[in-house]
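Two chains, two separate frames, one set of hints: put the complex together.
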Amino acid sequence: MVVVGGLKFGAIYSLAALGIVVIHKATRIVNFAHGAFVLAGAYATYGIVEAMGLGYWPAYLLVPIVTGLLAAAVELVTLRPIRQSDMFALITSTIFIGIGLSEVYRLVQNTEMLGVPNPFPGRPIFIGDVIITKEQIWVFAGAILSSLIGVAIFGYARLGRGLRAMAANVRGAMLCGYSTDSMNALAWFLGGALAGLAGVFAAPSKGISPELSISMVTAGFVAAAIGGFDSLRGALFGGLILGLAETFAAAYVSSAMTNAISFLLLFIVLLWRPEGLFPEAKIRDV
Amino acid sequence: MSNKRWRALAGTLAPSAAVLVVAVLGLALDTYWQYVLAISISAAATGGALAMLVSYARCITIATGAMLAIGAYGAAIPVVWAGVPFGAALVFATALGALAGFILAIPGVRFRSHNLAMVTLVFQSVVIIVLRESKALTGGAEGIHVPPPVIFGISFADDAYFLLLCGLLCALAVLPIAVLLAGPFGKNLRALASNENTARAFGINVRHHLIAAFTFSSALIAFAGAVSAPRFRIIDPDSYGVLTSIFTLAYPIIGGMGSIWGGIVGGGVLRVLPELLRPLADYIELIFCVLVVGTLTFFPEGLASALWTGRRRSRTATSSSASTREWQAPRIATSLSEAESVAAAEDETSERPMLELHDISKAFGALRAVKGVSLTVAPRSLHGLMGPNGAGKTTLFNIVSGFIPPDSGRVLISGMSLDKVPIERRIRLGMSRTFQHAAVFHRLSCLDNVMIGLGRNSVLQGATRSLAAALDTEEIRAERYAALSALEAVGLGARAQDAAGTLSLGDQRRLEIARAIVSRPRIILLDEPVSGVSVEEAQRLRELLVMINRELGVTMVVIEHNIGFLVSLCQRISVMTEGQILAEGDAAAMVSDPRVRLAYFGEREAAE
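Each protein sequence line maps, in turn, to chains A and B. If you count the first sequence from 1, position 70 lands on 70 in the working numbering, and the numbers rise without skipping. If you count the second sequence from 1, position 471 lands on 757 in the working numbering, and the numbers rise without skipping.
Hints listed in this document are in silico derivations from the structure and should not be mistaken for laboratory results. Where is the CB? At the ideal position from N, CA and C, for every residue including glycine. Hints should not be assumed to be uniformly reliable.
In silico contact screen, one side only, chain B against chain A (beta carbon under 8 Å); selected entries [as the list claims (entries may be wrong)]:
1) Ala403
2) Ile539
3) Ser694
Pulled out of the complex, with its shape left as it was, chain B reads as follows (with noise of 0.2 Å):
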């Protein structure tokens, strides 16, 4: 065990010891070489500031030249002017980059894609202009002399003590960026990234998470640049102009959005190619060009990542599907249940209805897409809800969890309102659910899927678990302890490591339980559980929705069309149409009920 602790923590320490490496190395190379390695070095953690924002969170940003110029001009000002000593300018600029990106975000992250690649662009032009107009202090375009740096009355004046220097703090500065990365706020920026949707109904908090994002990055991009000045000596507006934003935006594309790597080593390789290939410095731009296009139109995951995937894709091949596979009885009891559970120990005592509608109204538009429904689901039910297509079912489903906010009427957990609630807080509130359109998150693994499932989605939480990650505490191990149980609940044990766009859609709907299941939830939402799988799938699937039922008293509120599997799993059913309650009572009654059969076999017109 303390071996796999150790492997968390190397794993979370080796880019800034390759960091750290290079610039000790470097110290026996000439003086050329040892100011282009601090060069190179301090864009390679401008790469790693990116692969978090670039590869993880996939954002388009055009103000990193921005960045560095406020980093760069943020530390260099109070030396310069108020002989702030170098130590403090260097946290002044950093804090000054932190701000920085956190004024873009709160804009930007109302937008996606084009939109806020042009925020970007905007905020990156601005600070531009701004620093050329300001000329009692930035020295307008013709720029600002920088001394070197001075610690402790040093002078790092010489190129190998500054090439060590560089190296030092950008192996710190990269640290925090490894941590968060690594662990479960990389994670959910890469399920936020994959599917906002789903994202939100785990608690994660897109927006926060985006802001969270912005930030840190400015932060280590400004450091960077406000460690890279000095060596630069003069430091001008021009040089950190759109074309400087868009050429580091293709660091982390061409190293490799799988990981932190990526953009440190994309940064460190291609900042100081135009001096490895002199005689091709005119045509490096568009070099940089090609290899992007050709990187994201060949090797979408990344130049890098392409060699390791390809090694990696024969690995996951041979692994069989849970439903393939000859089939193993779910253990649920075990584990899962053993796990505290503070949800069903109060259910125990309430008798209060699980779920409660009152009057629920949605019109989008002239439709009117649910008018005024009532229900009442009962603790540790299973309740299924029917109706032909647009009868409401799924907009009644998105209400409950929070996507559509109501035109009128309450919706209630044990009694507690949720009108105030916001979808993200609703799985703390023991609420969870399945979507119609098997929604994993793909590019993650099937435990990383689960482990989201677990709720503890907050920006900070992320962070703090990312730092319990890193050193593999005793509470994340507990984590994916629980994690691992409830994939092995829903048969998926053995492919826990495995990428959940690997899986076969059965297998998704499985994992999409587990990930409903693992925080303990007091109701669970289904919606289509079983569309699209085979006859002997939707009986597996259907024998573990029952025991999760029984041996976790959670509630369940089914949606399904396959109305056989509707009726053997359901206690009751509630029949929709038109946005309305046409029916509700006991599985078999309903669809003998002859309302029900006109609804359904479409005789509606001629009925009436």
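Next comes chain A alone, as it looks inside the complex (with noise of 0.2 Å):
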């Protein structure tokens, strides 16, 4: 049963790292906005669902889109004029970002915490004494297929090989004909719409606050740092395994342990494998 819900928030801290890290691997920024833009997600759920009373079909095809556009601005209006400065210049600005836009929600909903339904409130299934919710099921599985698509875009696709030959080598990439404005464009708003298929998933069950984004942006970059930061299974994989060791801890520790379970893990992560723990390619010597 803690493996079931472990794995569920797994998957949607998976989505969240896959974003940071698709935005990391093409440009070479690791997004601390990127909680915000969980948030804007679930927000945004939260606006189909409950205000206009969709149902969750449309949030799931529209969310996406919402947030990468919002992703693509962020990167449009902020970073690309500053594209050239340094690291330093280049988190900060998005430290602030993500901070800003929660301030913004938090101004425009002063409700403390919203909730929106569960998709699938229908009775649990019981499988020996194991007791599993179809959300946790849904979730899992829609989180996951949601990552698997997103690897399969980056991967496999025409944008997806620009977005990689950006990442292995700007200047080539560039001589090869693609454009390093509308590739930063696009990296933004796959990762982006990641995020906010992230919110999607989580807003049933982790509720809508600014609390959401930083535990988000926590949670995603713990995951990505398993991963190394530039892989996609990594991030999938120390997804699942932040999600695991999370549940874990509060079961048969104690609830308060969840955040430091997820710090413990990327301080061992950080201090024995800086390379994360599925490093992609080696470090050229230069």
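If you want it as structure tokens, here you go:
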């Protein structure tokens, strides 16, 4: 039961981490505003499901587009003008963009916490002693499926090839006719869309509040770090590992330990395997 | 001269004086404003501390809230639970902050940018969790009541008294940071933030410097936290959360990254902005975010500095480059060779080879970049190293200067093995270098670039030299004189105060040479000194190098693709190809050597 719950959250973390990795791979920026994109996705879900009463299906289709556009707009307006600056400026920008977006949410929506209904309220399934809710199955399967689609787009489609070329060698990719501008916008769109989906899946069980933004960016970062920031596969497994570790800690140690365990994981990975557990390529010596 | 001396001292004292003046002027206001100003002053101290870490070392830290909490609780707990006098508790809290900064930095400085930010965030969260959970000591989430400070029996409960005390303490606390940042320590931080590898080649130990920066700045932040805590009456973990950390990060960014002033003004103003803009209080966080992102996007030097540089830029634009100005023959003999040179004196007596490489090998994965290279360079000689791209020349340089450990083989300087000598120490053994891509510290002035080249850059030396710089002692003036002489020697005397980034490429190469010779090294490694510069400029650089070699007796090893330049400069040339020395000998003979021509003109496949 713990395993199932852990896998559910893990799949959501994977989705969030994938977005971070996609953006990092293409633009070398670790996006600290990612949690805010997840929050935006969850809030948009609330809008579609609760405020407009359209149900969940439109949310799964529309939310990624909305958050993707939001992410692309953020890149266009704030990050593109300073693309030439150092990492300090870029990363600090994303930190404050994230806080700023959460602030906008807080100002628009004064309530502490918004909720959306469970997409599958039906009776849980019993397998021996294990109780599994349909929601858990749906979120796990849906999030993993979305992740795989994301990986497939990045890995195989023409757009993915351009992004990977960009990641490997900006100048080379430009010479081959890929435009940095459109590739960056695409990467941010794709990353934002993945974050939005994470928001849709997270909204029913995690609730919608500025807290979601911070907890999701931390979880996404830790999961991405487990994968070494450059490996999509690593981010996928990183999210699941983190989800399991957190739920196990909450179940067998104490609920206050959930945060601690993700930090512990981060520390272990950073100190012992800074290149991640799933390093994708050797760093070239220059 | 004494006038100048005063100015150096006044510049360093000014931030403290400003803090004190604000406190004194505040005495004329009502108690509410005295309260606001006291908070503002302690935030100014926090901002000043952050200037070191954020503006100079360009580290993203999200642990400021935790450091403030450590100071606040570190001072309050001894006062409340053990009746320790406020003064002693303040000292204890500051020491605790320094210790916390040190502990955070030990794992933290292994990382940069996003990973460092994340490690500081972890630290921040852990501190808050600990404060919340140790209920017996800290009162948990409800917090703890902090009594007004009592010093020598005088209670500073009154707003006016408190403001004065706060001003006095913060003025004192800002002083050491101001001294460090204005002096060589601050310049070293800027240097390592702009180019770590180059900084290391000139003896700046990046790790030590970042640890020191974290320690100093955390100590001051904890101090500010301890001083301001009594004013809040009750302190709780929530007031020192992640958001506090992030908004304090905004202080130096919005205020300006150019000097300590940015942090001080930024902190002083931004902390009390919610009080000043009461009607907008709800939007203040959003305004902060917009200001930071806007500043980073449009005024990367900070809002305040944007106004300053706008004025200064018009001045630098008018000064011309050394290469376009009428060429003045460099004069080295005068000042530079008068400077003490133990190294040179030693060399006169010994006829050992200056540099010996014994069977050096290095592989990167499957690529064997250097395969068993042995090389001997005679003292005071000009030795060329040529070979096609990818022959392993720069790798060899990186092994000699210590950036890359060889897989096997030994490097000796004047017969002394460099096996166990880290990069940062090699400059003290008389080794200096220039880089393939002119690696000057763009944001520092030419003079500061060259002063870093002196290699007196350990943390301790940086700190003592910063103090010396504030007092403008004899010693620091001698250093400045040596640096100016080196600049004049390469023809850049007139550009001493200009930022290195404003120089032309040819002039940046000159600056690199000045930086390389100022420490009076025994040997200089020059990696493609004339790549990308004009023919005339190459000719002048050649004259300059020959003169330096002759007058200072410096051995030089030169990598260059410009064969004409290399042949006219060097007596001996070694030719490398595919990681091995293909041939070595007299310069002219090498160029006509058929093997060399073969390697260079790429007819190898056809020949084999």
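Consistency of the hints with the structure:
no., hint, verdict
1, Ala403, "holds, 6 Å"
2, Ile539, "holds, 7 Å"
3, Ser694, "violated, 17 Å"
Comparing the model with each earlier hint shows a violation of hint 3 alone; every other hint is respected.
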